Every structure is written in C-alpha cells, then in structure tokens.
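Each residue of the sequence shown is one higher than the one before, starting from 1365 at the first, in the numbering used here.
Treat the hints as calculated values from the structure; they're not laboratory data.
All values reported here derive from a predicted model rather than from experimental measurement.
Among the hints, erroneous ones may be present.
Derived lysine-lysine pairs resembling DSS-like cross-links, with alpha carbons at most 30 Å apart [as the list claims (entries may be wrong)]:
| no. | residue 1 | residue 2 |
| --- | --- | --- |
| 1 | Lys-1380 | Lys-1390 |
| 2 | Lys-1497 | Lys-1390 |
| 3 | Lys-1497 | Lys-1456 |
| 4 | Lys-1386 | Lys-1497 |
| 5 | Lys-1456 | Lys-1384 |
| 6 | Lys-1390 | Lys-1456 |
| 7 | Lys-1456 | Lys-1386 |
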Amino acid sequence: MQQIIGALNAMDVLEKLAEKNKAQEKHRSNERFVTIVLLLILVPCLFGIAIDVGLIESSASFNLWLYGAGTLCFGLPLAAMGDLMLFPRWLKLLGLFVLQSWFIYFWAFQMQSLLAFVPLLPVFALLQIQLPKIRQQAGRE
C-alpha cells in the first residue's frame, strides 16, 4: 500500500515539475522577446554613433545626445504601446522594425523631427481602438 502511495506522490511531484518547466520556458521566451525589442529600440543609436564618428554622412549638424534622447522618446512609447496591442509577436516585431526605419530615415538623415515622430499617432489610434478588448482580456487574466 505504501508503494502505491509513494508512486502517486512521485507522479504528483513529476506533474508539478513539468508545470514549472513549462512556466519557466514561457518566461524565457518572454525574456528573449523583450531583449529583441530593446535591441530594436536601440538600433537608431547605432546609426547615430556611425554618423557621429563619420562612417555615415548626414545632411546637417548632428548632436549625438539629442539624437539619443529622440531615439528613446520615440522607441520607448512605441514599444510600450506595441506591447499592449493585440497582435501576434511577429507582427509587433515587424511593425517596430518598419517604424524604427522610418524614424532613422527622417530623424538622422533628413533632420525632419515632426515627420520622424508621425508614426506614434497611428499607433496610438490603433491602441485606442483596441483598448476595450485589451481591458476585457486583462480582466480575464
């Protein structure tokens, strides 16, 4: 009888361990995704450094600190809004890549500050459209 109880306890322990492994893998996947997003947010800084050291030519006077501040003022709100949106991860990453490319082109090469920040408006509008569904999903979790 004790052998049966011991076997059942061992099975319970193995099931709990399997659940913990699944949860840990999910956390690792989320960490990798966040790392990729942060790297994409910082990619414009690499262009800024390349312009600052003269590897890439830019059209006007260039201030690396201003460029870095603009990069963070664009990338961080974009990533925060994108994280809340109800799209698949691959679409979020693709959108972030495209919008960062837009930002790099207009902020670093054309020195058009207003045009560089324009993509934040449609992203904010999409977030407002999805807000009821986001709240509903958050309530379920």
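Here is how each hint holds up against the structure:
1. Between the alpha carbons of Lys-1380 and Lys-1390 the distance comes to roughly 15 Å, so the proposed pair stays at or under 30 Å and holds.
2. For the suggested pair Lys-1497 and Lys-1390, the alpha carbons sit about 23 Å apart, so the restraint of at most 30 Å is met.
3. At roughly 17 Å between alpha-carbon atoms, Lys-1497 and Lys-1456 fall within 30 Å of each other, so this suggested pair holds.
4. Between Lys-1386 and Lys-1497, the direct Cα distance comes to roughly 27 Å. Compliance with the 30 Å bound is thereby established for this hinted pair.
5. Note on Lys-1456 and Lys-1384: the hinted pairing holds, with a Cα-Cα distance of about 28 Å set against a maximum of 30 Å.
6. As the CA atoms of Lys-1390 and Lys-1456 are separated by approximately 18 Å, the hinted pair is consistent with the 30 Å bound.
7. Distance restraint check for Lys-1456 and Lys-1386: the Cα-Cα separation of roughly 24 Å lies within the 30 Å cut-off, and the hinted pair is therefore satisfied.
Violated hints are absent here; each numbered hint is respected by the structure.
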